[in-house]
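Undergrad: Protein sequence lines, in the order shown, are assigned to chains A and B. Heads up, the first sequence is in this note's numbering, so the first residue is 1 and it goes up one at a time. Heads up, the second sequence is in this note's numbering, so the first residue is 1 and it goes up one at a time.
These are calculated hints, taken from the structure and not from any lab test. Values in this document were obtained by computation on a predicted structure and should not be read as measured data. Just to be clear, a hint being listed does not mean it is correct.
Think about it this way: if two alpha-carbon atoms lie no more than 16 Å apart in a straight line, the pair counts; the simulated EDC-like pairs of lysine to aspartate or glutamate are [stated by the list, open to error]: (1) B:Lys168 x A:Asp115; (2) A:Lys168 x B:Glu92; (3) A:Lys105 x B:Asp327; (4) A:Lys183 x A:Asp115; (5) B:Lys161 x A:Asp186; (6) A:Lys161 x B:Glu92; (7) B:Lys105 x A:Asp297; (8) A:Lys161 x B:Asp297.
Number of protein chains: 2
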Amino acid sequence: MAKLQNDLFLRACRREETERTPIWVMRQAGRYLPEYRAVREQSDFLTMCKTPELAAEVTIQPVDLIGVDAAIIFSDILVIPEAMGMELEMIESKGPVFHNPVRDKSSADKLKTIDPSTDLKYVMDAVALTKRELNGRVPLIGFCGSPWTLLTYMAEGGGSKNFSHVKKMIFNEPELAHSILDKLADVSAAYLSAKIEAGADAVQIFDTWGGNLSQRDFREFSLRYIEKIIANTKRTNQPVIVFSKGVHHSLGSIANCGADVIGLDWTMDIGEVRREVGSRAALQGNLDPTVLYASHDNIRLRAREVLDSYGHGTGHIFNLGHGILPDVPPENLKALVDFIKTESNSYH
Amino acid sequence: MAKLQNDLFLRACRREETERTPIWVMRQAGRYLPEYRAVREQSDFLTMCKTPELAAEVTIQPVDLIGVDAAIIFSDILVIPEAMGMELEMIESKGPVFHNPVRDKSSADKLKTIDPSTDLKYVMDAVALTKRELNGRVPLIGFCGSPWTLLTYMAEGGGSKNFSHVKKMIFNEPELAHSILDKLADVSAAYLSAKIEAGADAVQIFDTWGGNLSQRDFREFSLRYIEKIIANTKRTNQPVIVFSKGVHHSLGSIANCGADVIGLDWTMDIGEVRREVGSRAALQGNLDPTVLYASHDNIRLRAREVLDSYGHGTGHIFNLGHGILPDVPPENLKALVDFIKTESNSYH
Numbered sequence: 001m002a003k004l005q006n007d008l009f010l011r012a013c014r015r016e017e018t019e020r021t022p023i024w025v026m027r028q029a030g031r032y033l034p035e036y037r038a039v040r041e042q043s044d045f046l047t048m049c050k051t052p053e054l055a056a057e058v059t060i061q062p063v064d065l066i067g068v069d070a071a072i073i074f075s076d077i078l079v080i081p082e083a084m085g086m087e088l089e090m091i092e093s094k095g096p097v098f099h100n101p102v103r104d105k106s107s108a109d110k111l112k113t114i115d116p117s118t119d120l121k122y123v124m125d126a127v128a129l130t131k132r133e134l135n136g137r138v139p140l141i142g143f144c145g146s147p148w149t150l151l152t153y154m155a156e157g158g159g160s161k162n163f164s165h166v167k168k169m170i171f172n173e174p175e176l177a178h179s180i181l182d183k184l185a186d187v188s189a190a191y192l193s194a195k196i197e198a199g200a201d202a203v204q205i206f207d208t209w210g211g212n213l214s215q216r217d218f219r220e221f222s223l224r225y226i227e228k229i230i231a232n233t234k235r236t237n238q239p240v241i242v243f244s245k246g247v248h249h250s251l252g253s254i255a256n257c258g259a260d261v262i263g264l265d266w267t268m269d270i271g272e273v274r275r276e277v278g279s280r281a282a283l284q285g286n287l288d289p290t291v292l293y294a295s296h297d298n299i300r301l302r303a304r305e306v307l308d309s310y311g312h313g314t315g316h317i318f319n320l321g322h323g324i325l326p327d328v329p330p331e332n333l334k335a336l337v338d339f340i341k342t343e344s345n346s347y348h
Numbered sequence: 001m002a003k004l005q006n007d008l009f010l011r012a013c014r015r016e017e018t019e020r021t022p023i024w025v026m027r028q029a030g031r032y033l034p035e036y037r038a039v040r041e042q043s044d045f046l047t048m049c050k051t052p053e054l055a056a057e058v059t060i061q062p063v064d065l066i067g068v069d070a071a072i073i074f075s076d077i078l079v080i081p082e083a084m085g086m087e088l089e090m091i092e093s094k095g096p097v098f099h100n101p102v103r104d105k106s107s108a109d110k111l112k113t114i115d116p117s118t119d120l121k122y123v124m125d126a127v128a129l130t131k132r133e134l135n136g137r138v139p140l141i142g143f144c145g146s147p148w149t150l151l152t153y154m155a156e157g158g159g160s161k162n163f164s165h166v167k168k169m170i171f172n173e174p175e176l177a178h179s180i181l182d183k184l185a186d187v188s189a190a191y192l193s194a195k196i197e198a199g200a201d202a203v204q205i206f207d208t209w210g211g212n213l214s215q216r217d218f219r220e221f222s223l224r225y226i227e228k229i230i231a232n233t234k235r236t237n238q239p240v241i242v243f244s245k246g247v248h249h250s251l252g253s254i255a256n257c258g259a260d261v262i263g264l265d266w267t268m269d270i271g272e273v274r275r276e277v278g279s280r281a282a283l284q285g286n287l288d289p290t291v292l293y294a295s296h297d298n299i300r301l302r303a304r305e306v307l308d309s310y311g312h313g314t315g316h317i318f319n320l321g322h323g324i325l326p327d328v329p330p331e332n333l334k335a336l337v338d339f340i341k342t343e344s345n346s347y348h
């Protein structure tokens, strides 16, 4: 494989010295880019995930167009439950829908045991192809959802406001919930291992719904399984990033669960978290994604506040506090990326 | 007016000794009660708000049926923008909709200056009637939305996922946002003053969307105006409760803004917050509302964890960490209330 020309992101993940702060943004291969929408118009979302050429194309777009310091493979966290036998449909206006939600033992028993390296071979092919096409320009990130977040979608049958089905399961049938979560953790570890084998330079675990749990339930039903994934993922020196949205109460615990990097949402003061976490992990984040609606001057002002809050030294990967929104003008993201690339050297 | 027979709630708000922990729950006058749904079937939501007899009836239902220690007047935070000229529609499946959102100076200029004691006289009549009908059984709470939360609904035109319109306003036209927020704070202070004049024994400010702001934006665009409401509300010894969801970063600041009681969502450890806030404020909360889906044994177990976390002594008002969900069986809430009423005396 081609030697990496820009390994700032990986060095920052490992808290090694860098000459400036690296930047990438969640959902950077996404709808805010006209070039993405052009591909999407020709093909539905899941077909894009399952066609390595298309996945590679949109994965690389933000590297070419915006100049980010890392690529993240275009895919979806729900390909795992789909491969396990759930019928997944992506409805543009509504988000993902599972037509056969898992809410009891009989539907859980129907979940297939899978081998991600073969059953999700299309993902590994997309990773391998993207690595080749990136040709060492920037590192490639692989990802999966946390077992808790997957179970939430699987039980609710899609997005949710009140999370009533999955909460009923953990309160009334905790053994059932644990057995599914455990199975998902095993599959996810094998999945991330296969992605690393295929060429991913780092992996991120997205725990989008961790913040809907109380502190004690987060630890029992989400963090425990994130920890299991990290422990069982085969890797040499590929960093693991854990992004758990809304879990202000457990960032120190995440730092102890084996994560190299903790992703922060925009409600956290990144400097305060740095003082709490210390040398245990690097931090990724955490500009409010809606700041990208502002003027370029304002974007730079707010980005500088994040750099100032983190302060001097290594271990910071600049990112948004959540995914980039689909109606953000791409030139606003470009203004952010250019600012970080030119101004962050004074923090190093 | 009839002397209060049960003033546990008010004494706990003032951090005075009580023989047990008082309990009420947010949205207790709501759809989970068949008796509420029977009234609602005869009348639309806004008509219920605007008809003092109906508002009083559903306000008192949970006092009669569940045995809570406080009543909260049935109403909606959006009656203020409606009285200021916005066209409000409550759509059962969708939530509130404003057909003429406020997104620029010209639409903001159209907002009428109102006198809540006359323009929202129906609310004051409902408060006065409910007080009479309660006949001193329990205290009555009045409420309003925070200016930030009202502005969010007004700019988005209803509920929102990404809050793009209101965020664009604060980032790109902050002076416009501040002028509307300031106006809303003045109206809200007059509104709470009139409710107290009409008989409310305490008031709560609901800042449902405070948690969508970063820490610095929360202080500039939400907390500042909550503080202004509290400073300008005419009261003798009626406590003010501030419930700002998702603002884990600013609970200490809320304690300094004049609030007597801080409402906590279920992501907080109430004992940790007590140690941080100290004697500055009482705390209200904070059981995960979805725990009410569990068995009665489990509800009691989880409720005891909240009591244990708060620990011994005064200043705790038991509540959920958010509103009760519409599909909770009323007998589950009854089990919670009974448990707190019989078991919390050992914490006092």
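Undergrad: Indicate, hint by hint, whether the structure satisfies it.
TA: Hint-by-hint comparison with the structure:
1. Taking the CA atoms of Lys168 (chain B) and Asp115 (chain A), the gap is near 46 Å; set against the 16 Å cutoff, the hint is violated.
2. Proximity of Lys168 (chain A) to Glu92 (chain B) is assessed by CA-CA distance (about 24 Å); at most 16 Å being required, the pair is judged violated.
3. Proposed proximity of Lys105 (chain A) and Asp327 (chain B) is contradicted: the alpha carbons are some 23 Å apart, above 16 Å.
4. The suggested pairing of Lys183 (chain A) with Asp115 (chain A) holds, with an alpha-carbon distance near 12 Å, which does not exceed 16 Å.
5. Of the pairs offered as hints, the one joining Lys161 (chain B) and Asp186 (chain A) is violated, with about 32 Å between alpha carbons and a cut-off of 16 Å exceeded.
6. Annotation: proposed proximity of Lys161 (chain A) to Glu92 (chain B) holds, straight-line Cα distance about 15 Å (limit 16 Å).
7. Note on Lys105 (chain B) and Asp297 (chain A): the hinted pairing is violated, with a Cα-Cα distance of about 22 Å set against a maximum of 16 Å.
8. Using a Cα cut-off of 16 Å, the hinted pair Lys161 (chain A) and Asp297 (chain B) is violated, with the two alpha carbons roughly 26 Å apart.
Checked against the numbered hints above, the structure violates hints 1, 2, 3, 5, 7 and 8; every other hint is satisfied.
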